[in-house]
Structure formats: C-alpha cells, structure tokens
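Number of protein chains: 2
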Amino acid sequence: MIHSVDTSFTSADGISFILSRTSVRRFTEETVGNDDIELLLRAAMAAPSSMNLQPWHFIVVREEDLKEELRRCLPYAKMLQGGSIGVVVCGDIALYERINRLDKEDNTLYWVQDCSAASENLLLAAHAIGLGAVWTGIYPLESRMAQLRRLLHLPSHILPLNLIVVGHPFHVSSPKDKWDPRKVHYECF
Amino acid sequence: MIHSVDTSFTSADGISFILSRTSVRRFTEETVGNDDIELLLRAAMAAPSSMNLQPWHFIVVREEDLKEELRRCLPYAKMLQGGSIGVVVCGDIALYERINRLDKEDNTLYWVQDCSAASENLLLAAHAIGLGAVWTGIYPLESRMAQLRRLLHLPSHILPLNLIVVGHPFHVSSPKDKWDPRKVHYECF
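Order-wise, the sequence lines are chains A and B.
So for the first sequence, my numbering puts the first residue at 1; every next one is plus one.
So for the second sequence, my numbering puts the first residue at 1; every next one is plus one.
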C-alpha cells in the first residue's frame, strides 16, 4: 500500500489542521499581502470540480470604497473592516450549456458544489498561513445576487456564490466541536 | 497580531497539503478502519455552515451488496471496489422551513454549499491520513437522486448530494496544477 500524502507533516497534523479552522470575524489593520492572496487562490483552484470544469472566478476586493459598498449591501459583510479584503467567489454557468444540450438533465447547479469546495479550500488556506476568514452567503438569495451583480459588473452568466472576508485575526478564536454521531448512518438512513 | 494556526506544522505544509490532494479512483483490498471513518466524519462536520445549521448527514456504505447496488445505479461509482467504502453526503432541507417562513427569501439551497464544504473537508481528511477519495455527483440530477432515495431509504426531506468513495490508494496519483490567473479579478469582473 502506498500513501500519497506529503511526508512533511503527520496524519494527526493534517486532521488537527482541519479541525482547528474556525470562522474569524474581527481583523487587525494589517493588510493582506499579494503573495498571500495568490496562495489563497491557488488553494481554492486545487478543489475538485464536476467534469473538471473549474467553473470558479474570484473577485478580490481591496479598495476602501468598494469594501464600504459591500458592507452597505450585504447584511453580514460588516466584518470587511480594517486590513481585511473580500473575495467574491463566482461561478460561470455558461460552461454547462453544451453539456446540458448533450445530456438529458440539467447539470448547471454543479457550479454551486464546485465553488463551495473551492471556498472551503480558501478558508483552510487562510488558516494555514495565519490569516482568518469567514464565509458570508450571497447565493441563493436573489436580492443579494442582484446587488453584487450591479456592484461588481458581473455578466449574466457569472453568478456570485459568497463573499469571503480574509484578514489578520484580531484575536485567537477557538473552534467549535461540531461532532455529532447522530448524523452518521450505516448502510441506510 | 496573533496567529490562530496550529504550531505543529508550518504555513508551507498547510498549503502544500491542500495543493497535493487529488482524486483517487483505484483502491487496494485493504479495508478502511472504523477509527479512520470517524476521523473523516469529524473533519467533515468541522465545515462551516449557513446559520450554523449543520444540515449534513453521512451514510457510510460498507456492505458488499449495497456497494454493488451503488455501482449499478450510479454511472461513476465503478471505483467503489476492493476495500473502499462509500460515504453518501446528504442534506436535511427540513431545517430551513422555519427560517424561510420568517425570511422573505428561500434559504433552502444553502444545504448544497454546506454539504459541499463538508465534502471537501472529508476529501482532505482522507488525504491527511494516507487514504484516497473521489467525489462523484448525485445532486442536482433527478434520476440519480431518485435511485439513491430508494436504495438508502431516504425520507423526503433528506437529499443526497454526492457519493464519496474512500479507500487505500492503489498507486500514487499526482495532483493537477489548476492555477489559472485568468480566473482572478480585482475590484470588479
């Protein structure tokens, strides 16, 4: 049996890394560097995607005016303060047109799953490099999507999934223990 | 500035851990132990969720007969062979009923995002402990959902998102480099 895992950390490290991530909602004034932004987006793009379509786009918001606009139009974007940046994760639904014509069913909604996996990678990558992040919802709420579409000049085939706020954590946040054995079923529900 | 990240591994380790995960589609005969299954599900349940509703359920499929049924009804489940197990990640849409009554918009589809983040954590946890995994799609394809509903006795408020096949990798798989700077935009699309 061959293990494909990196040897630079132990199994326990990998698991505790995942378990120790938590949402961070308050940030220092320190800005997020461009190299760090690239690391976050590289990790996001390493997510799997249906038919390997990689439907994601990432809009990085660093300008103060635009951050203020986002705080105004999204109820949970108040934490986009200080040195934090916003990353709006979007999906390109035009990629599914050809497949849907060939197929008998509508595959378009796979964009939500793929962009969500990319978002989780982005949150974990922030945690890895000592940043903090929080995922705030946009899709499927039409009112929020419409405002983001206007604000970020999104064409009609680019749908905004969420706004991830990333910055340097103001304080240490402890992860919640969400383990619940009642959510585990064997062989059938 | 305080870093909330574990000190047991370096930043580079955390990023390379995420970047080195890849889909594994061929497995040895070695079975996946119960302790490992619990680690995978603990990691999955550490994902963030909208309104902290944690809408996920996990159906672990180990029995040969049921694995064969899954291989028969899902076109991409052929890799559920040898010692590998299946984890069907499901979402409970009944959790949104009260919120949707209070709210003016339909929040139900948040289950897809939350269960996708949990799925990505599960894939990464498998990678951390030397297992391999692959995410195979069920939702939003009605035909696949109907078959899973029957096979796993799912009540109508429990929707199947995907089947994740997990096992001991037959060989080392190299991750694809999916970095694409054209997917990155600053301030607007």
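Treat the hints with care, as some may be off.
Heads up, the list lumps identical chains together, so a pair's fine if it works in one copy or across two of them.
Only pairs whose alpha carbons sit at most 25 Å apart, straight line, appear in this in silico PhoX-like list of lysine-lysine [stated by the list, open to error]:
1) K104 / K78
2) K183 / K67
3) K78 / K176
4) K178 / K67
5) K67 / K78
6) K104 / K183
7) K67 / K176
8) K176 / K104
9) K104 / K178
By construction, these hints were calculated from the structure, which means they are not laboratory data.
Going through the hints against the structure:
1. K104 / K78: between (43 Å within a copy, 21 Å between copies)
2. K183 / K67: So K183 and K67 pass the 25 Å test across copies only (20 Å; inside, 38 Å).
3. K78 / K176: Classified as within: same-chain Cα gap 22 Å, cross-chain 37 Å, threshold 25 Å.
4. K178 / K67: Result: close neither inside a copy nor across copies, 32 Å intra and 29 Å inter.
5. K67 / K78: Classified as within; 9 Å inside a copy, 47 Å across copies.
6. K104 / K183: Neither, since 33 Å and 29 Å both go past 25 Å.
7. K67 / K176: Neither: 29 Å inside a copy, 34 Å across copies.
8. K176 / K104: Neither. Shortest intra-copy (42 Å) and inter-copy (30 Å) distances fail the 25 Å Cα cut-off.
9. K104 / K178: Neither: 39 Å inside a copy, 29 Å across copies.
Checked against the numbered hints above, the structure violates hints 4, 6, 7, 8, 9; every other hint is satisfied.
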